[in-house]
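Please construct the entire structure, taking both the sequences and the accompanying hints into account.
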Amino acid sequence: MAVVKVSPYMRAEKPLMWLCEKDSSAPRLLPVAVGEFEAAAIQMHLGGEKPLRPISYDLFATLMEELHVPVRRVVIHSVEGQVFHAAAVVESDGRLREVDCRPSDGVALALRSQASIFVSAELLDQAGIRASQGDGVEEAISKFYELEPQILGQRREQESLALPDPAQMSSPQIPDPLADLEHRLEQAVICEEYEEAAQIRDEIERVKSSGS
Amino acid sequence: MVEMEVHRVQVSSRAYHRVVLRAKQGESSLHIVIGPSEARAIALGHKQQESPRPLSYDMAVGLLREAGAQIQHVAITDLQDGIYYAEIHVTGSDGDDRVVDSRPSDAIALALRWQAPIFAAEAVLEEDESDWDEEDEANGNDLLELTEPSEGSVSMEELLADAQQDLTETQMLEKRLRQAVAEEAYEEAARLRDRLATLND
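Heads up: the protein sequence lines correspond to chains P and L, in order. The working numbering puts the first residue of the first sequence at 1, with every later residue one more than the last. The working numbering puts the first residue of the second sequence at 1, with every later residue one more than the last.
Derived from the structure by calculation, the hints contain no laboratory data.
30 Å max Cα-Cα, derived DSS-like pairs, lysine-lysine:
#1 L:K175 x P:K50
#2 P:K14 x P:K50
#3 P:K22 x P:K50
#4 L:K47 x L:K24
#5 P:K14 x L:K175
#6 L:K47 x P:K14
Non-contacting residues of chain L with respect to chain P, defined by C-beta distances greater than 10 Å in every case (computed):
#7 H7
#8 S29
#9 Q179
#10 T198
#11 L199
A virtual CB, placed ideally from N, CA and C, is assigned to each residue, including glycine.
This is the structure we're talking about:
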């Protein structure tokens, strides 16, 4: 399996880690709910980000490498209720040994150890999602979210927040009653007079809302 | 090197967590600002409680056991630009010793689960900081109740950025102050400025 993506952080929902069947003409997907930190750690690796200091999984991967005990694979083997169970498999003294783990921990470690990720065939039959014919992986994932309008609504909300506020893009040629306030705000911040800054900020808000 | 023990793990209302180490003998201490999941893992390890599901550190302990390795000790060795550095000293099944670079939070969380000693270099130790403890006492919650980050507005990026390095309190407060100013949260900025001033006295 390959890790495709980790869905964005959502307020009410846990992030989902999406695994995708490798080397298949009609790959199946397995979404696994994971914790925020584990999701962030996986996303970080997928995004090619290098942390300034090793995070926990970097440390674990380095420890095993230094000890010459390679992590061979991580297997997500079963689900009980909502809880998935996994095991990390290491090779020590020529023998394979298993350690129980959460799927997120296992995957975050596997990605950093160049280990393969497996899902048991039984589990994939049980909990996997098959993309409709002709759909790519991305389409299949977005279709999944369309079935979850609540989640999608929250995503839209977050996206709209990221858009620039049109009010702030108004033309600068018009004599600006805000300029003086903005200048005073800047001064207050420089002088670390944050109580005053708070008042000026509120004043700016009032001017903006009455002016538009 | 001075042998240390975990005195306690503290969390305040603004997802600001730290671990307090005390010298086993003597007065010196060490306050390190750490990420929320690391704080939780250290609190569980400190109280020798098991998490309902194995945490990443429990996986690491399992991996080390299967590897026939031994954690000899961990040490907080350095402080540079407000970031603490640590080492894990581990012996493999071949009998050779290795030293692996680590964040102090990871080193402490592993040491507690392995019952390995925790050391700190004299150079990183602090004099007693008693005026801080009172306020934190008031804000302190039991970390074991904290299962997930409580503030809904914290993004994944922020969680990750905060958890990446183990900082000094001054460094963390300055970072928070810059963030507060950028977000025009000036009431918060004023509070942080005052706490920084107390700390720098």
